[in-house]
Amino acid sequence: MRGSYPPDPGAQHPMLDARLHLLDRQVIDVDGEPVTAVDDVELSGPPDPRHLSPDDPAPAVTGLLSGVTLGTRIFGGRSPRSRLHSIDWRAVSDVGVTIVLHIRAGQLEIGWTERWVRDRIIAKIPGGRHDPE
Amino acid sequence: MKRILGLALGILTAIGGFLDIGDIVTNGVVGSRFGLSLGWVVVLGVIGICIFAHMSGKVAAVSGRATFEIIRERLGPRLAVANLGASFFINLMTVTAEIGGIALALQLASSVTYLAWVPLAALAAWLVVWRVKFDLLENVTGLLGLTLIVFAVALFLLGPNWSELGAQVLQHGALAQEKLSTYLYYAVALFGAAMTPYEVFFFSSGAVEEGWTAKDLGQSRINVLVGFPLGGVLSLAIAGCAAVVLLPEAITVTSLSQVALPVAAAGGKIALAVVIVGFVAATFGATLETTLSGGYTLAQFFGWSWGKFRRPVHAARFHLTMIICLLIGIGVMMTGVDPVQVTEFSVVFSAIALPLTYLPILIVANDPEYMGQHVNGRGLSAVGLVYLVIILIVSLAAIPLMIITGAGQ
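Line by line, the protein sequences are chains V and W.
Sequential numbering of the first sequence, starting at 3, is according to our numbering.
Sequential numbering of the second sequence, starting at 322, is according to our numbering.
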């Protein structure tokens with residue numbers, strides 16, 4: 003995992019453990035809105051999986067996944083790639099107690115269930131668009 | 322001056338917020354069957370909830386993370402899903418019991434069957450959760466719940482034989498007519514009533530709602546350390562009233578009206594009116610807290626946007642979850658199940674599930690990476706570990722005791 007994110011020499015733990023620091027962490031967008039919890043992590047594969055060579059680059063984290071992966075992490079197997087939503091690793095600006103993005107949740111495909119519930123149900127109930135009093 | 326007022330308000334709401342239908346019913350039942358011989362369990366439970374709430378408030382204030390985010394992060398998906406299932410189910414049971422409690426209290430006031438009040442009570446709770454600001458919601462219900470002090474007043478008015486009551490406190494064991502297993506079963510129930518997990522979900526999420534930082538820790542510590550024990554004193558007063566009036570007559574509490582009986586006997590109609598206001602306020606407040614806790618647990622587990630400080634459209638799935646919780650609560654109550662029995666089961670199941678929420682908080686509160694200089698000191702770590710053992714014993718003993726005693730029959 004070392005070197006897979008911008009190294010921070012001042013940090014107490016320059017080493018990032020995917021299990022401990024990425025999986026199941028809360029993802030927050032640039033406005034501080036919660037986006038999702040990290041259900042799984044996407045790694046880059048070798049250029050040619052049939053012919054591995056010692057010169058291949060080490061796998062690096064390419065994205066944070068959300069979706070039906072939780073089921074497969076518990077029961078095994080693999081869900082089709084089309085059913086996973088990925089947040090590009092380049093959108094990540096900080097990894098701490100939470101994972102912070104430098105983009106808005108609205109720009110991500112991940113937000114569709116929240117948008118669906120909001121537009122079809124919550125926004126239609128009177129008072130749903132107002133601040134609490 | 323403003324600080325002192327804020328502190329007083331915090332303490333008062335902690336007292337009022339401590340009592341809910343579980344505490345009211347369980348203390349009434351226990352008082353009428355065992356006198357004050359289980360008083361030590363209330364003390365044990367109150368110390369436990371103080372430690373638990375203090376640690377989870379501290380974690381929330383320092384890291385900005387509420388309890389269930391941490392549970393998933395620390396336990397991994399398998400255990401956390403099991404934990405979510407259990408916690409959400411027990412919380413749903415508590416929502417149902419609290420709605421039933423409001424309806425029963427309103428039945429006492431109006432003589433209209435509680436079934437008619439169930440949908441209205443849930444609708445009122447939803448309107449508050451939907452539209453009212455967090456601090457207003459917390460303060461008003463907490464302050465109204467303080468009317469339950471009438472139990473302490475009634476106990477004095479009843480003029481009991483104090484030395485006899487004192488002897489009951491010291492008598493660690495069942496009275497002659499009850500079996501030891503039943504005594505222990507109600508000890509578990511009483512412990513679960515004092516240390517209900519939703520209180521912690523609500524407390525830690527509330528700290529995030531109100532934007533606590535490490536600076537607010539002092540105030541939160543005082544709120545908890547003063548407010549909860551005083552709430553525990555009211556619990557004991559409820560049990561004491563039942564012990565003085567109902568125990569000698571061999572009346573076993575099976576309904577909310579019987580819990581109020583000693584107060585009516587001591588203070589007449591006015592005291593009864595105050596008790597009913599207190600019942601409504603305490604159960605209504607707890608309905609709000611448990612409904613919010615249902616939304617908090619699910620949203621925090623899945624990483625959804627949550628919180629009363631956001632407009633409902635900015636926390637859509639959180640609000641949808643709460644609406645569904647209330648609808649399920651109405652549905653279950655309308656089948657005609659006895660609200661008092663639902664309550665009794667909900668407190669025992671709370672005790673069973675307690676280690677699941679306690680352990681992750683204990684781990685994180687001891688983790689310097691998370692907590693920095695606010696990490697648990699040696700004393701708190703030690704007490705926290707002792708309570709982990711107690712909670713595990715209670716949790717493991719609960720189901721066998723439930724089977725042996727036929728759920729306390």
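Worth flagging that the hints you see were computed from the coordinates, not collected in a lab.
Don't be surprised by glycine CBs; every beta carbon is placed ideally from N, CA and C.
A hint or two may mislead.
Ranges between beta-carbon positions, derived for each pair [as the list claims (entries may be wrong)]:
(1) A125(V) x K500(W): 29 to 35 Å
(2) G34(V) x L709(W): 43 to 49 Å
(3) D133(V) x A445(W): 17 to 23 Å
(4) G487(W) x T115(V): 55 to 61 Å
(5) I127(V) x A718(W): 42 to 48 Å
(6) D33(V) x P721(W): 32 to 38 Å
(7) A718(W) x G98(V): 47 to 53 Å
(8) D456(W) x R131(V): 18 to 24 Å
(9) P49(V) x G652(W): 30 to 36 Å
(10) P82(V) x K500(W): 54 to 60 Å
(11) P721(W) x I76(V): 53 to 59 Å
(12) L709(W) x G98(V): 41 to 47 Å
Derived list of chain W stretches under chain V, where covered just means 3 residues or more per stretch with a C-beta under 8 Å from a C-beta of chain V [as the list claims (entries may be wrong)]:
(13) 379-387
(14) 443-456
(15) 636-642
(16) 659-673
Which chain V residues stay away from chain W? Per the calculated CB distances, all over 12 Å, these [said to hold, decoys possible]:
(17) V29
(18) A60
(19) P61
(20) T71
(21) G73
(22) R75
(23) R83
(24) E111
(25) I123
- Message: Taking the earlier hints as the rules, which of them does this structure contradict?
- Response: Hints 1, 2, 6, 7, 9, 11, 12, 16, 17, 20, 21, 22 and 25 not satisfied by this model.
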